[in-house]
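Got chain A; can you put chain B on it based on the hints?
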Amino acid sequence: MTMENNSLKKEFKKIKQNIFPRPDWVDLSREILLQQISAQKEDQAKISFFDFSNLFIQFFRQRLLEPAVVMILVLATFLGSTLVINAAFYSLPGESLYPVKIALEKAHVALISDTQKKVELKMEFAEKRINEFDKIVQQTENNPAEKTKKIQQVVQELRNNVIEVNNHLTQLSQSFKQTDKQTDSAEVIKDKEQKVQMALDISSKTEELAKSIGEKVAGLSEAEQLEVEQIVSETVQSAQKASLSAQQLAEEVQSTGAATAPADGEIQGASNTEEEKTGLTNSDNNDTKPVENKVTEEKTDQTPNQ
Amino acid sequence: MPTSKFQEKLLLLRLKKKDPEAFAQVYDLYVTPIYRFIYFKVSTRHDAEDLTSEVFLRIWQYVNEVNDPIENLNALLYKTARNLVIDFYRQRSKKGYSQDTETLNNVKDNRQQSLLAQIETEFEVKNIEKVLRQMKDDYREIIILRFIEELSISEIAKILDKSKGSIRVLLHRALKLARQLLNDNGK
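So the sequence lines, in the order shown, correspond to chains A and B. Residues 27 to 332 in this note's numbering are what the first sequence lists, from first letter to last. Residues 20 to 206 in this note's numbering are what the second sequence lists, from first letter to last.
Keep in mind the hints are simulated off the structure, nothing from the lab. Where a beta carbon is used, it is the ideal one built from N, C-alpha and C, also for glycine. It is possible that part of the hints are untrue.
[As the list claims (entries may be wrong)] Pair ranges (Cβ atoms, derived):
hint : chain 1 : residue 1 : chain 2 : residue 2 : range
1    : A       : 48        : B       : 188       : 31 to 39 Å
2    : A       : 53        : B       : 83        : 19 to 27 Å
3    : B       : 185       : A       : 116       : 50 to 58 Å
4    : B       : 188       : A       : 129       : 57 to 65 Å
5    : A       : 111       : B       : 108       : 49 to 57 Å
6    : B       : 80        : A       : 53        : 19 to 27 Å
7    : A       : 129       : B       : 98        : 40 to 48 Å
8    : B       : 182       : A       : 65        : 35 to 43 Å
9    : A       : 140       : B       : 84        : 50 to 58 Å
10   : A       : 238       : B       : 80        : 41 to 49 Å
[Said to hold, decoys possible] Subject to a maximum C-alpha distance of 25 Å in a straight line, what follows is the list of computed DSS-like cross-link-like pairs (lysine-lysine):
hint : chain 1 : residue 1 : chain 2 : residue 2
11   : B       : 149       : A       : 40
12   : B       : 98        : B       : 181
13   : A       : 39        : B       : 183
So that you can see chain A by itself, here it is in the shape it has in the complex (with noise of 0.2 Å):
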């Protein structure tokens, strides 16, 4: 009996290979199938660290409490946030992860404390704005109104993060205003270097973003220049006022002489001249040579005595 269980059984196995459906109508139906779908479908969400967890801990619930799990847990927790970041980080407007990114950009800029920094990373967002941009303008399956719906929305967060810089401009030229005033130690000299450099890179950045935005907008069409030519005018300005800003902001550091830091001794001397230096600068803001080189003899000639 069990013989012929055996040949039966491989009888059955035989139909197997031999009862299929046809591959046109696979196919087909396949199609078909995808299409009612999508019709139904809504935005797709890729699956969240919280999701997989879930999963993970459906399916390991026996062991789940074994130190090496737990470790690879905690471990899992820190990549998988990761993940979503980076997930986040590549996304584009009108996938579901784009706000994800924004607010996680804002955050970080609400972390950092030193406005300097704030605005250097409010550049970087800018930058990845234009980048965004590049990347839609290529996407060319969309259809005209989401294309331009999309580069509204990075243009939009474009200008808002130039507008931002430059409000962080004025903050740094009002605030350096105040510091001339106090006795200047050499930290104090150091920290207008650095934002004399960073005046100085914000303002070609800024240069560039307005260019690149002018040359960005020239590939789209004539429709779609139409519909962003408004909100691409005023970044484009925002961008020339934040250049022009961050360079006066320069100007103005470099006047009261952003000099090599005197050593601790001469501190003393070198307020002092901080102190002329200012005097000046105040009356006559676009003099700048001749009052920097003025004040880099004096200090020399301080130097020997000390």
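Quick look at chain B alone, frame taken from chain A:
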């Protein structure tokens, strides 16, 4: 089973997220087994095709609408197929054409072998298929699940909502019947 247990669960998770790619993968993995399963329960290839498509559509809708976690995709698919066939028969009145002819037609369409091999296998397949079609649905079903789809006893138990013991008993009886029918047909 087409995939490992964990892969299956992961696929399920993606499916729940309304990921069409996941759906496509599920389709690719299961279309042939489900088709086969339905094929033996219905008379025509056309009906089998329609019902198979319907199974996948239902699965998609189910996953989207119901929030309960799905334990077993395999079981869900076969259960859905089963239920759909039951509904199918409830709705339409049985037509009176002979089953044997249908079987023959179906079998011919599906194979692309040399003529001789075709004749040979046709004879064998015809025989065993005939046997299957002669059986009661319960027995036929269990033979299909166990020996054609090669599912485990516990999986079959889940699909049919029965205990493992009952499955074993059913299987034993089904095989016995199959042997009997084969011998009868041979005479």
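To see whether the hints hold, each was checked on the structure:
A C-beta distance of roughly 37 Å is found between residue 48 of chain A and residue 188 of chain B, which places it inside the suggested range of 31 to 39 Å. The hinted range of 19 to 27 Å is satisfied by residue 53 of chain A and residue 83 of chain B, whose Cβ atoms lie roughly 24 Å apart. Remark: the range hint 50 to 58 Å for residue 185 of chain B to residue 116 of chain A is upheld by a beta-carbon distance near 53 Å. Between residue 188 of chain B and residue 129 of chain A the C-beta distance comes to about 60 Å, which sits within the given range of 57 to 65 Å.
At about 54 Å, the beta-carbon gap between residue 111 of chain A and residue 108 of chain B stays in the expected band of 49 to 57 Å. Between residue 80 of chain B and residue 53 of chain A, the C-beta spacing of about 22 Å keeps the proposed range 19 to 27 Å intact. Range check, residue 129 of chain A to residue 98 of chain B: Cβ separation about 42 Å, and the 40 to 48 Å hint holds. A C-beta distance of roughly 42 Å is found between residue 182 of chain B and residue 65 of chain A, which places it inside the suggested range of 35 to 43 Å.
Evaluation of the 50 to 58 Å hint for residue 140 of chain A and residue 84 of chain B yields a pass: the beta carbon distance comes to about 51 Å. The hinted window of 41 to 49 Å between residue 238 of chain A and residue 80 of chain B holds, with their beta carbons roughly 47 Å apart. Only pairs whose Cα atoms come within 25 Å are accepted, and residue 149 of chain B paired with residue 40 of chain A is accepted, the gap being roughly 14 Å. With a CA separation close to 12 Å, the supplied pair residue 98 of chain B and residue 181 of chain B stays within the 25 Å bound.
Distance hint between residue 39 of chain A and residue 183 of chain B is fulfilled; the C-alpha atoms sit about 22 Å from each other, no more than 25 Å.
Hint violations for this structure: none, all hints satisfied.
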